[in-house]
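Go by the hints and put chain B onto chain A.
Protein chains: 2
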Amino acid sequence: MSENGSARRGRPGYDQRGILDVAVAAFNQYGYDATSMGVLADRLGLSKSAIYHHFASKDEILERALDEALGALEGVLEQSSLTEPVEGAARGRAADRLDHVLRGAVHVLVDKLAYVTLLLRVRGNTEVERRALARRRAFDKKVTALVSEAQAEGSLRSDIDASVVSRLAFGMINSIVEWYRPGGREDAGRLADDVIAVVLDGLRMPASNRIEELLG
Amino acid sequence: MSENGSARRGRPGYDQRGILDVAVAAFNQYGYDATSMGVLADRLGLSKSAIYHHFASKDEILERALDEALGALEGVLEQSSLTEPVEGAARGRAADRLDHVLRGAVHVLVDKLAYVTLLLRVRGNTEVERRALARRRAFDKKVTALVSEAQAEGSLRSDIDASVVSRLAFGMINSIVEWYRPGGREDAGRLADDVIAVVLDGLRMPASNRIEELLG
Numbered sequence: 004m005s006e007n008g009s010a011r012r013g014r015p016g017y018d019q020r021g022i023l024d025v026a027v028a029a030f031n032q033y034g035y036d037a038t039s040m041g042v043l044a045d046r047l048g049l050s051k052s053a054i055y056h057h058f059a060s061k062d063e064i065l066e067r068a069l070d071e072a073l074g075a076l077e078g079v080l081e082q083s084s085l086t087e088p089v090e091g092a093a094r095g096r097a098a099d100r101l102d103h104v105l106r107g108a109v110h111v112l113v114d115k116l117a118y119v120t121l122l123l124r125v126r127g128n129t130e131v132e133r134r135a136l137a138r139r140r141a142f143d144k145k146v147t148a149l150v151s152e153a154q155a156e157g158s159l160r161s162d163i164d165a166s167v168v169s170r171l172a173f174g175m176i177n178s179i180v181e182w183y184r185p186g187g188r189e190d191a192g193r194l195a196d197d198v199i200a201v202v203l204d205g206l207r208m209p210a211s212n213r214i215e216e217l218l219g
Numbered sequence: 004m005s006e007n008g009s010a011r012r013g014r015p016g017y018d019q020r021g022i023l024d025v026a027v028a029a030f031n032q033y034g035y036d037a038t039s040m041g042v043l044a045d046r047l048g049l050s051k052s053a054i055y056h057h058f059a060s061k062d063e064i065l066e067r068a069l070d071e072a073l074g075a076l077e078g079v080l081e082q083s084s085l086t087e088p089v090e091g092a093a094r095g096r097a098a099d100r101l102d103h104v105l106r107g108a109v110h111v112l113v114d115k116l117a118y119v120t121l122l123l124r125v126r127g128n129t130e131v132e133r134r135a136l137a138r139r140r141a142f143d144k145k146v147t148a149l150v151s152e153a154q155a156e157g158s159l160r161s162d163i164d165a166s167v168v169s170r171l172a173f174g175m176i177n178s179i180v181e182w183y184r185p186g187g188r189e190d191a192g193r194l195a196d197d198v199i200a201v202v203l204d205g206l207r208m209p210a211s212n213r214i215e216e217l218l219g
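Taken in order, these protein sequences are the chains called A and B.
With our numbering applied, the first sequence corresponds to residues 4 to 219, in that order.
With our numbering applied, the second sequence corresponds to residues 4 to 219, in that order.
Since the hints were made in silico from the structure, they are not lab data.
Some hints here could point you the wrong way.
What the hints assert, rightly or not - Here are the simulated lysine-lysine pairs, DSS-like style, with alpha carbons at most 30 Å apart:
hint, chain 1, residue 1, chain 2, residue 2
1, B, LYS115, B, LYS145
2, B, LYS115, B, LYS144
3, B, LYS115, A, LYS144
4, A, LYS61, A, LYS51
5, A, LYS61, A, LYS115
6, A, LYS115, B, LYS144
Unchecked claim - Example chain B residues on the side facing chain A (calculated, C-beta under 7 Å, incomplete):
hint, residue
7, ILE163
8, ALA165
9, VAL167
10, ARG170
11, MET175
12, ASP197
13, ASP204
A quick note: this is a predicted structure, and the numbers were derived from the prediction, not measured.
Note that beta-carbon positions come from the ideal geometry of N, C-alpha and C, so glycine has one too.
Isolated chain A (complex conformation) (with noise of 0.2 Å):
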């Protein structure tokens, strides 16, 4: 929205919020490596010199847009362990704090979807990106120890490894942002609900199951 032909006749004084907006829209349309801070200026209307005002670097920039969404990510994980206690247990059973993390991760991905798309390009290239790599790696390794937790408590059916079963359920949550665009059909909420009743429900009917195993 900062980038239409309104906003750069007005020339507005960007915040660091309003550089990073163009920022991330304009490294995943280019590439990090194809968008120079020459082309980010020229998006923004500024100078190098404004922009560098705000970040020591281009470096900088991306740190900061990878910091948006894995804090977001991090933040719904250490929510998810205060989540509400089930009949008077200290802590939330595990598979209710997979499902709060499993819907907090479809609305950070919603709510912050430019930032979540950069995150999940990032291939390792430079050492911001491995920062951003091993904070991805910390995250998934917390969601499988939530999994497992899930298994050895009975909720959830253990015959699957649970890495895998993050892995699944995260990959089908982080192809949203291939398909999401805000302001379509479904909201994040009914969206969340949509990737629970997959993952954690499934798709079968389980009257039909049921009815077919009677008949046999």
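Frame of chain A, contents of chain B only:
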């Protein structure tokens, strides 16, 4: 495999398939645009004219590579309509055909990992890429129709939009290219079972749900 030193020392007479394998690996590593015929010739230890003996252009190599992945996926859909009919029906239930398609897609992905990876990166920059995207869309449309049919016959839950179901299911399947490595712990059959278990049956233990319902 055709890229290693011993193969190059032998200067094997690459057939089309051998050239394709090496080209697809290079396209995935450097990107299609960044991979020149010179780079390919170098990797193959062939002259450019030797490559032109097999393919008229780099574009034709891409087209054949994408056709390899798309043809295999389309084949799975065609076979699915030949699924064994159940209980004397003229055709298998739509839910059984969908099961077949999802499993088949996992097998195609594992068998043709590099080719599917290339297909999933296509963004429509050239006429060849646009034709591949059109074939992907046609495939997605048929999967969505199959989901609708399964919902209508009452074997799949119908509270989720059929096109969202098909996107989420294939989002999960396609994400496997990000982490699957041949020779790992999961073979294609096991991975297909896992995907079916998550997408069709869900992770939640039905037993524990029922006990909770009883405990109310």
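At a threshold of 7 Å, is the proposed contact between ALA165(B) and chain A supported by beta-carbon distances? Violated, because the Cβ-Cβ distance from ALA165(B) to chain A comes to roughly 10 Å (cut-off 7 Å).
Once the shortest beta carbon distance from ASP197(B) to chain A is found, is it less than 7 Å? It holds, given that the least Cβ distance between ASP197(B) and chain A is near 5 Å, below 7 Å.
Just to be careful: measuring from the Cβ of ARG170(B) to every Cβ in chain A, is the smallest value less than 7 Å? OK, holds: ARG170(B) within 7 Å of chain A, min 6 Å.
Close enough to count: is the Cβ of ASP204(B) nearer than 7 Å to one in chain A? holds, 4 Å
Take the C-alpha atoms of LYS115(B) and LYS144(A), compute the straight-line distance between them, and say whether it is at most 30 Å. The given pair, whose Cα atoms are some 28 Å apart, holds under the 30 Å limit.
Pairwise hint evaluation, LYS51(A) against LYS61(A), where the allowed Cα distance is 30 Å at most: holds, 11 Å
Does the CB of VAL167(B) sit less than 7 Å away from some CB of chain A? Result: holds, 6 Å to nearest chain A Cβ.
Straight-line Cα separation of LYS61(A) and LYS115(A) no greater than 30 Å? holds, 20 Å
Pairwise hint evaluation, LYS144(B) against LYS115(A), where the allowed Cα distance is 30 Å at most: Distance ~28 Å between LYS115(A) and LYS144(B) Cα, so the pair holds.
Hint check: 7 Å Cβ-Cβ cutoff, ILE163(B) to chain A: Holds - the Cβ of ILE163(B) comes within 7 Å of chain A, reaching about 5 Å at its closest.
Need the status of pair LYS115(B), LYS144(B): alpha-carbon distance at most 30 Å? holds, 22 Å
Against the 30 Å threshold, does the CA-CA distance of LYS115(B) and LYS145(B) hold or violate the hint? This hinted pair holds, its Cα atoms lying about 21 Å apart.
Checked against the numbered hints given earlier, this structure breaks only hint 8.
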